[in-house]
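*Asks:* This is what each chain is made of:
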Amino acid sequence: MSIEIRNLTKRLGGKTILDRVNLDIPEGSLMALLGPSGSGKTTLLRIIAGLEHPDEGEVLVRGEASTAQRPQDRHVGFVFQHYALFPHMSVRQNVAFGLEVKPRASRPSREVIRARVDELLALIQMDSYGGRLPSELSGGQRQRVALARALAVEPRVLLLDEPFGALDAQVRAELRQWLRRLHDVSKVTTVLVTHDQEEAMEVADTVAVMNRARVEQVGHPRDIYDHPASAFVAQFVGQMNRLHQVEEGTAFARPHEMELSLDASEGEAAQVVKVVSVGPLACLRLRLSSGLELDAHLSRERLALLEIKEGDHLFVRPSRVQVFADDYSI
Amino acid sequence: MSDLRLLADGVGEPAWLRRSLIAIAVSFMAVFLLLPLANIFHAALSEGWRVFLASLHDENAAQAIRLSLVSTAAAVLISGVFGLAAAWLLGRHKIPGHGFWVAILDLPFAISPVVAGLMFVLLFGLDGWFGPWLDRHNIQIIFAKPGIVLVTAFVTFPFVARELLPLVQALGPEAEEAAMLLGASPWQTFWRVILPALKWGLLYGVILCASRAMGEFGAVSVVSGHIRGETMTLPLHIEAVYNEYQFGAAFACASLLSLMALVSLALKSFVAWRAQRELESQ
Chain A
496 MSIEIRNLTK
506 RLGGKTILDR
516 VNLDIPEGSL
526 MALLGPSGSG
536 KTTLLRIIAG
546 LEHPDEGEVL
556 VRGEASTAQR
566 PQDRHVGFVF
576 QHYALFPHMS
586 VRQNVAFGLE
596 VKPRASRPSR
606 EVIRARVDEL
616 LALIQMDSYG
626 GRLPSELSGG
636 QRQRVALARA
646 LAVEPRVLLL
656 DEPFGALDAQ
666 VRAELRQWLR
676 RLHDVSKVTT
686 VLVTHDQEEA
696 MEVADTVAVM
706 NRARVEQVGH
716 PRDIYDHPAS
726 AFVAQFVGQM
736 NRLHQVEEGT
746 AFARPHEMEL
756 SLDASEGEAA
766 QVVKVVSVGP
776 LACLRLRLSS
786 GLELDAHLSR
796 ERLALLEIKE
806 GDHLFVRPSR
816 VQVFADDYSI
Chain B
20 MSDLRLLADG
30 VGEPAWLRRS
40 LIAIAVSFMA
50 VFLLLPLANI
60 FHAALSEGWR
70 VFLASLHDEN
80 AAQAIRLSLV
90 STAAAVLISG
100 VFGLAAAWLL
110 GRHKIPGHGF
120 WVAILDLPFA
130 ISPVVAGLMF
140 VLLFGLDGWF
150 GPWLDRHNIQ
160 IIFAKPGIVL
170 VTAFVTFPFV
180 ARELLPLVQA
190 LGPEAEEAAM
200 LLGASPWQTF
210 WRVILPALKW
220 GLLYGVILCA
230 SRAMGEFGAV
240 SVVSGHIRGE
250 TMTLPLHIEA
260 VYNEYQFGAA
270 FACASLLSLM
280 ALVSLALKSF
290 VAWRAQRELE
300 SQ
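Just so you know, the protein sequences line up as chains A and B, in that order.
Residues in the first sequence are numbered consecutively from 496, following the working numbering.
Residues in the second sequence are numbered consecutively from 20, following the working numbering.
In isolation and in its complexed conformation, chain A is listed as follows (with noise of 0.2 Å):
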């Protein structure tokens, strides 16, 4: 299913929460949201979901307004960061609710819910969990029986409030992944809320960058990382070096293309503040004379071959320069 969203703004108590919000999740897409907290990414959610409301503007569900339906006709899939699963439930009965409690004439037979609860177990590699309770589940075992629980009903949609959110960093880089096959094979339009630059680039087609009430920009995740639109998104997305002021507004740069040389013929003198070298990049911090201090990404066999070490002085110039006008404030 498509979701345009129009013109949504949400007041609560004096604060706007959403400022005349236009966003368009094409059918079939996998979308995150991406934003720090506060910047309104969760009531977007949650008004697409029904279980907010809009003081201005509309939700259009493959063409039509959903304003008006009751959570429970959108047939939304939502997933909770704190799983929600019903405590006193077994796995079993927690996958099958969505289905037990449907009105008689739709409701599927006793063998056929049993059938798809299989399914979705074998689905989420949870088939011997069937008869446990929640309580006696990992973080990430809930999350995939919530998950299943969601998918259960065959929603048109699927919205994932900061699912991973409460999990390890281990647990999480397998559910993101695993996440994204489901998507792969579902196709199911699917909604994601994060505040995890990462997890949004690795699993989404498309990244709606948020920011206090308003998204600052759509985009592929390369995209945006490439050619953010607004110092802020440029800030949030990545690492980024802010330079100086110009005319237009500030400079920045990314910490990978900051080139170093030995040659004072190539940019600005600095001195290595610091060097940290785990994993394929070093990562530098340099001191310009300024006072000024930035980061520097290379491999290490670039560090290697410059014979980089603290304490030394060595000459930096950026390989590309971003101007950003002064209308924020992070």
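Think of the hints as simulated: they come from the structure by calculation, not from any bench.
Keep in mind it's a predicted model, so treat the numbers as computed, not measured.
Don't take each hint at face value.
Claimed, not checked - In silico DSS-like cross-links for lysine-lysine, where the CA-CA straight-line distance does not exceed 27 Å: (1) A:597 x B:218; (2) B:113 x B:218; (3) B:287 x B:218; (4) A:804 x A:769; (5) A:510 x B:113; (6) A:597 x A:682.
With chain A fixed as given, assemble chain B onto it according to the hints.
*Replies:* Quick look at chain B alone, frame taken from chain A:
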């Protein structure tokens, strides 16, 4: 440093002091709690089993027992349903004057039961606000069974509401939202998701409510009218026969009431234990 020493000394008080404190506490409990309780049963049986059973089989006693059970059941139902509703309203929704309403929940605990009884007489009695209207429609509340049920429900109302309020707050809206988004109607959400989550708290509140309802004297005494064989509850009956110097009968009924209290105490402990175990497994 010296402060720490003082603290440590306070923790390890001398053995003789500890033993005397324990002795005082235990003998106090024995004399003030256990002895009177045991004595009730002793006094009840002092004239033999036959008198004991006859006192309970007496027509008036049997009526009082029945009325006590019926009014307890009705009061539990009323304060259970409305207590749940009140806990839900105050635990989930931010209504205007929230703090005031939470404080009002405790009103029945704060007010003397006799006064509670009088309040209902003033409302529903012949000279009360609704009295003339009720009289015209031939409905009698005061000096009849409905009055007894009403005041018992009033006096026991806080138990369920108080017990559930923190549980409702802790449950949070997420389980309910999840159920709704999976297509469950509000009714299904209530029966399948919310009620099971609150069941131990509800049961605990109901037991407290029932044990208080069975023993309620003051408020019931005001509205009952003391009609023998009609509007006497067990506590009222005990007082009446005691005042008539039928000590055997009075103690027999008193021992029955004590037994019911002990059963509810045991049930209460069992529910608390189960709820604790379930909480620990989560």
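*Asks:* For residue 510 (chain A) and residue 113 (chain B), compute the direct alpha-carbon distance and say whether it is at most 27 Å.
*Replies:* This hinted pair holds, its Cα atoms lying about 18 Å apart.
*Asks:* Need the status of pair residue 804 (chain A), residue 769 (chain A): alpha-carbon distance at most 27 Å?
*Replies:* Measuring from Cα to Cα gives roughly 8 Å; hence the hint holds.
*Asks:* Taking only the CA atoms, is the gap from residue 287 (chain B) to residue 218 (chain B) under or equal to 27 Å?
*Replies:* Within the cut-off at roughly 13 Å; holds.
*Asks:* Is the Cα-Cα distance between residue 597 (chain A) and residue 218 (chain B) 27 Å or less?
*Replies:* With a Cα-Cα distance of about 24 Å, the restraint between residue 597 (chain A) and residue 218 (chain B) holds, given a limit of 27 Å.
*Asks:* Taking only the CA atoms, is the gap from residue 597 (chain A) to residue 682 (chain A) under or equal to 27 Å?
*Replies:* Holds - the C-alpha atoms of residue 682 (chain A) and residue 597 (chain A) are around 24 Å apart, at most 27 Å.
*Asks:* Given the hint that residue 113 (chain B) pairs with residue 218 (chain B), test it: the Cα-Cα distance must not exceed 27 Å.
*Replies:* holds (24 Å)
Of the numbered hints listed earlier, not one is contradicted by the structure.
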